[in-house]
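Please model the entire structure based on the sequences and the hints provided.
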Amino acid sequence: MERCAARGAPEEERRVRANAREYNEKFQYASNCIKTSKYNIVTFLPVNLFEQFQEVANTYFLFLLILQLIPQISSLSWFTTIVPLVLVLTITAVKDATDDYFRHKSDNQVNNRQSQVLIGGVLRQEQWMNVRVGDIIKLENNQFVAADLLLLCSSEPHGLCYVETAELDGETNMKVRQATPVTSELADISTLARFDGEVICEPPNNKLDKFGGTLYWKENKFPLSNQNMLLRGCVLRNTEWCFGLVVFAGPDTKLMQNSGRTKFKRTSIDRLMNTLVLWIFGFLVCMGVILAIGNAIWEHEVGVCFQIYLPWDEGVHSAVFSGFLSFWSYIIILNTVVPISLYVSVEVIRLGHSYFINWDKKMYCAKRRTPAEARTTTLNEELGQVEYIFSDKTGTLTQNIMVFSKCSVNGHSYGDVQDVLGHNVELGERPEPVDFSFNPLADPGFQFWDPSLLEAVQLGDPHVHEFFRLLSLCHTVMSEEKSEGELYYKAQSPDEGALVTAARNFGFVFRSRTPKTITVHELGRAITYQLLAILDFNNIRKRMSVIVRSPEGKIRLYCKGADTILLERLHPSNQDLTNVTTDHLNEYAGEGLRTLVLACKDLEESYYEDWAERLRRASGAPEAREDRLARLYDEVERDMTLLGATAIEDKLQQGVPETIAILTLANIKIWVLTGDKQAPGSPCAETAVNIGYSCKMLTDDMTEVFVVTGHTVLEVREELRKAREKMMDGSRSMGNGFSYQEKLSSSKLTSVLEAIAGEYALVINGHSLAHALEADMEVEFLETACACKAVICCRVTPLQKAQVVELVKKYKKAVTLAIGDGANDVSMIKTAHIGVGISGQEGIQAVLASDYSFSQFKFLQRLLLVHGRWSYLRMCKFLCYFFYKNFAFTMVHFWFGFFCGFSAQTVYDQYFITLYNIVYTSLPVLAMGVFDQDVPEQRSMEYPKLYEPGQLNLLFNKREFFICIAQGIYTSVLMFFIPYGVFADATRDDGAQLADYQSFAVTVATSLVIVVSVQIGLDTGFWTAINHFFIWGSLAAYFAILFAMHSDGLFQMFPNQFRFVGNAQNTLAQPTVWLTIALTTVVCIMPVVAFRFLKLDLKPELSDTVRYTQLVRKKQKPQHRCARRGGCGGGSRRSGYAFSHQEGFGELIMSGKNMRLSSLALSGFTARPGAAWIETLRRKKGGESSPDTAAKG
Amino acid sequence: MAVNYSAKEEADGHPAGGGPGGGATAGGGGAVKTRKPDNTAFKQQRLPAWQPILTAGTVLPAFFIIGLIFIPIGIGIFVTSNNIREYEIDYTGVEPSSPCNKCLNVSWDSTPPCTCTINFTLEHSFESNVFMYYGLSNFYQNHRRYVKSRDDSQLNGDNSSLLNPSKECEPYRTNEDKPIAPCGAIANSMFNDTLELYHIENDTRTAITLIKKGIAWWTDKNVKFRNPKGDGNLTALFQGTTKPVNWPKPVYMLDSEPDNNGFINEDFIVWMRTAALPTFRKLYRLIERKSNLQPTLQAGKYSLDITYNYPVHSFDGRKRMILSTISWMGGKNPFLGIAYITVGSICFFLGVVLLIIHHKYGNRNTSADIPN
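Keeping their order, the protein sequence lines are chains A and B. Under my numbering, residues 1 to 1193 are what the first sequence spells out, in order. Under my numbering, residues 10001 to 10372 are what the second sequence spells out, in order.
Misleading hints may appear alongside valid ones.
Simulated restraints on C-beta separations [stated by the list, open to error]:
no., chain 1, residue 1, chain 2, residue 2, range
1, A, ASP1048, B, GLU10196, 31 to 39 Å
2, B, GLU10088, A, PHE324, 55 to 63 Å
3, A, ALA1044, B, PRO10113, 24 to 32 Å
Going by beta-carbon spacing under 7 Å, a handful of chain B positions derived as facing chain A [unchecked claim]:
no., residue
4, LEU10047
5, ALA10049
6, TRP10050
7, ASN10101
8, ARG10144
9, SER10153
10, ARG10173
11, PHE10191
12, TRP10271
13, HIS10313
14, SER10314
15, PHE10315
Rather than coming from a laboratory, the hints here were simulated on the basis of the structure. Every residue gets a Cβ at the ideal spot worked out from N, C-alpha and C, and that includes glycine.
In structure tokens form, the structure reads like this:
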């Protein structure tokens, strides 16, 4: 079982030699075996019991059990404690065993995956767990990387290889990794087997984007960076095979280092419960002390004289000692105020709620065939108290699918779906999509609803043609044609893919490219353009251009880019068109679409020659190459003619805006933390803002959206301060002249900020966030952020996500929920009180770390508003009742103490004490805890405000607890004193004594069972058949067991154990007894009913009102009250530009490096520009990689 | 809008999972069993249910009805209780004037026994059967150590327990190495005063017949308490045991009649049924009504002869003799009647108050009140 070796001491640096297992074994690096399970068959029982007895409650009961074995103290038989204790331990052990079994299973599955390891010069299939550090393993396309590898060589030229890192950081675009030049030539197995390079690198850490090390081989040193590493969890894509050297394995991999320790999450109710249990212990000790003092006094005053009939026990010589013993005796009999069944009942209820979540078919996604899953069963009620939601964007809010949605060509906007009368058609009643069957190369997956655009194409509108020609030419997409007409595009950003696909369907099919040409099928006609230059994209330029020569010989520049940039670079003659297009752009932006502006420009042959010459010189320049290039690009991209604009929809998951709207109405604050970072400094703020708009987090009604993008501490601080000032100003102007000035300076900043009128939003990017999260600014940041209605943090690292969550957790004392789909969300999912994973996608890291998982963001509203709310309600009602019933039950002993010489005599039969909590009263309250509903599920969606009591912690808090306790004590007083009053002098109807101990016990017990049953009946708001069965069944069981225990048969067998023989029939035949029970019941219940009625009548909760309405007017048509935020109001000028693009691909294409030789029509490339683009790529991505090697051209 | 380009879709069709526990969820296509949750009322939490709610229409009538039921019951109980004749004499003898004062400091083994006579007058006649009780105060029969100090197995006639009583009986388990029968503190402290009642008419004392059988529960007499099994007389059966320390006579000499002797002696059984409270009364004797023409105890002078054996003065105990008739609900019980009347009235009154409050300030729960 123990296959995974334990880890050694932390290392300073790591030395790994390839193909040298003996050498590497010296260091005792962790093997590639992972272990998440806790027990094996042998260790299960001791370890599990040890863990269970670490629970204070269990130890306490063990202690009680030991106390009960001391005869002088024992006031109860041992079985009253051991039966429930064993029951509880068994249930927990079974649960732990099942959990661990599944962990074993999944560990085994992962450990037994196959990989090809180069051992002794041959490739062998080995299980993952047998892979050692220093091994060379071979990966094939679409395989998971088994460990953190140093890429040695690959099937692709220059040792390139493509990986998808979705598992690691949630980014789905492909990334390029490259082997160091020296190793990339080790192409065959025999040379690899001889490879004996040694890697010296940093010790294992969790930084996904950083790696530092050196490769020593053949007396040469080669620096290594993250660019050379394939990390465990990545998937190899578009690369036939590659070889890698295992550097980190198993628990040392960055993936596992990032998965962190599994922290045991507790709910706030748990914590409250623990506090209360401690208080109750305190209370218990107080009562014990009071009664012990009473006992000492009694023994001193009365008992000492009463010794003629009842001598003191052996060894008891003083009243004080007797009092001491009686203290322990009372601790034993009063321990039922903290019933052991509390914890186990809570677990059972949560388990029930978890099953309801698993069973909910409304949270089942048919498309992905994934039901919702409650992966932890301990957090359910906290779902009803969430105040902050931290959501990932890609894959959670959006589908990461880009859809060409609208476009504006020559001042005409296409894409709105219109009916005959020209009105925009609402979603859901769409006509048929446009038929692209004329085009044999069309992508069948593409849909467009506005037929007029296609008509324009077919009518030969030159603007539209030029528009699509641009889309088909100006991009860096690679095409692959597996068979004739079966085109596949490989785009490095989904935006581009969407645009090229759109052009393809409208008849401008990008067919293939070489480094010097682009072949396009224009309406069936194959045209090959000469590709003269790609003016690549970067984040300062925010645009990209291509310069092509058409077959006719005309040279043209096509440019696409951000509206803010491009509109300024147009020829002045475009002014009218620009105005119209700007209107369209605003409209698109308002809908949350990602926009690009397209423009073109004819170039004179002579001018181009000149420019090209200068470009050649610039790109070959040893220094300031970047700047010179930028200037040249800038020069040519001027005075362009506007062609139009595109609008791409970053497709949201289904129902996201509605869900966010409802959650907002439920007073839940939603923060979007997105890890998108297509390239350093990319316009992710715009992307995130766009999503914010499209999912209705941001609206045009908002007073202001603050964007914090500062790069230094001071800038960030300044920006935050400004934002706060603006909010202050806003609230001052709205505050009816009330001055906040004096408060401003004080520490009451929080309250002031939270009282801000007007809606603000905050957008902050990763750089600034890093500063904002520093210890001296975090509070400032939090105050600002919390004053905003919506917060969007973009380009945040996984660690920052966790930090943000931690920050809110730390200062806000609010329940947080994190939802995400990728491995980059794992840290925040683990940090938040509740982690939700989006399941059903290929990555399951997030799901594995999560507490709940389902496949659609929209299910969140059901999880919180229905399941969470009910769970919270049920748990609170359960706890209130549970404490009540145990106080009512136990406190009777306290009162009785005053009448039995404080001798710790119990009021009840010992069997009643044993069974009260586990049989007579457990099931009805469990049924309530599992099944209760105050309002039907539809209502909780209709009235999101119903969620508020949970956030404000209204249903179970210290106050409610004291009310329950008070009610319990009140009941216990009546429970004792009413029978006392009745029985004191009374006699039976046959003249015998009524107030004998056993009759008294039966009377009190019976009235107690009846009273608590009536009380649970009052508390139960939702009487299903099961509730009926349990409530009536418990009463029936009580009487059945009572009569059985008091029967002749049992007594004959065990006369000393069943002393109450004949008692039930004798006592319960007395009318006086029943009159007493009835009186007690009415007196105990009547005030409760009166109070509840008054509360309901005078100050009803929203849920009461809803419930009442529901009952009174069952047929009433519900009005949908969840306000839909209306469409965009227009107005604000906002750039909808967003383009997830990465620099460097233009050069890659022009160099032809990434094209297979087979697919190259022309072989006109040399090795020289190749080195340049690689260096560029390196410099831009790796950043820190050595600059001295970059200086050549 | 439609799928135009999907980075994720491109990646579809690859084996799912990765990292720890990879592949736990579906993927890879193939035989995926349906994971769609069942559409049953139970699993979807749509079980039909009764959803009671406290409305004015239910709560207020309930209060009135409870009031209207409780008040008559209370009055009934009160009247019944008042019709019961009860006469009580404290014969502890604490007051120096009391005839029993001389016996105040008796001990268990004082010989000859101290006797005293108390004369009293019944103002009203007792018509039906009269029950004679002895009452003890400040006597803690409910003390934990006292309650458990018995061996029910022995009392049930188990022969092994007879000779080897339970440890619970300590320190009254054995005496001079012989097992005590019946063992334990309860048995040891059995009440042993003898009370005799005389009617005094024209200076002649007529003894009133006191019936000593039928005072214990049937189940106690026939199930719970049994003499040891075996042949021979009781003396033989109790061979090898010794009497409780305080008792003057062994258990088989409690009564002359064999069916009221040994463990099944009813006085003993009554004593062994411990009281719940430190002040209690236990049935001592029955006085049956002889004929329909005469009351059981007519008004007049009586005298109570007490053989005073039972010391209670040391712990401030009190001893009483009570004569009482009973009704369907037992003896005199003023508390229950008053409690019922009070609770009934409160309910009724509360009903009225709630009605007024509801009428004046009540929330007419309408959907219009639902804020959003």
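Hints and how they fare:
1. Taken as a hint, the range 31 to 39 Å holds for the pair ASP1048 (chain A) and GLU10196 (chain B), whose Cβ atoms sit roughly 36 Å apart.
2. About 40 Å separates the C-beta atoms of GLU10088 (chain B) and PHE324 (chain A), a value inconsistent with the hinted range of 55 to 63 Å.
3. Checked against the hint of 24 to 32 Å, the C-beta distance between ALA1044 (chain A) and PRO10113 (chain B) comes to roughly 46 Å, which is inconsistent with it.
4. Because the beta carbon of LEU10047 (chain B) sits about 4 Å from the nearest beta carbon in chain A, less than 7 Å, this interface hint is met.
5. Hint status for ALA10049 (chain B): holds, given a least beta-carbon distance of 4 Å to chain A, under 7 Å.
6. For TRP10050 (chain B), the interface hint holds, the least distance from its beta-carbon to any beta-carbon of chain A being 4 Å, beneath 7 Å.
7. Interface restraint check for ASN10101 (chain B): the shortest CB-CB distance to chain A comes to about 19 Å, outside 7 Å, so the restraint is violated.
8. A distance limit of 7 Å between C-beta atoms decides the matter here; for ARG10144 (chain B) the minimum to chain A is near 4 Å, and the interface restraint holds.
9. Because the closest C-beta pair between SER10153 (chain B) and chain A is about 4 Å apart, less than 7 Å, the hint holds.
10. Taking 7 Å as the C-beta cut-off, the interface hint given for ARG10173 (chain B) is violated, the closest approach to chain A being about 12 Å.
11. Here the hint on PHE10191 (chain B) is broken, as its CB sits about 10 Å from the closest CB of chain A, past 7 Å.
12. The beta carbon of TRP10271 (chain B) is not positioned within 7 Å of any beta carbon in chain A (closest approach about 10 Å), and the interface hint is therefore violated.
13. For HIS10313 (chain B), the shortest C-beta to C-beta distance to chain A is roughly 9 Å, which exceeds 7 Å, and the interface hint is violated.
14. A distance limit of 7 Å between C-beta atoms decides the matter here; for SER10314 (chain B) the minimum to chain A is near 5 Å, and the interface restraint holds.
15. Look at PHE10315 (chain B): its Cβ gets to within about 4 Å of chain A, closer than 7 Å, so that hint holds up.
This entry does not satisfy hints 2, 3, 7, 10, 11, 12, 13, going by the numbered hints stated previously.
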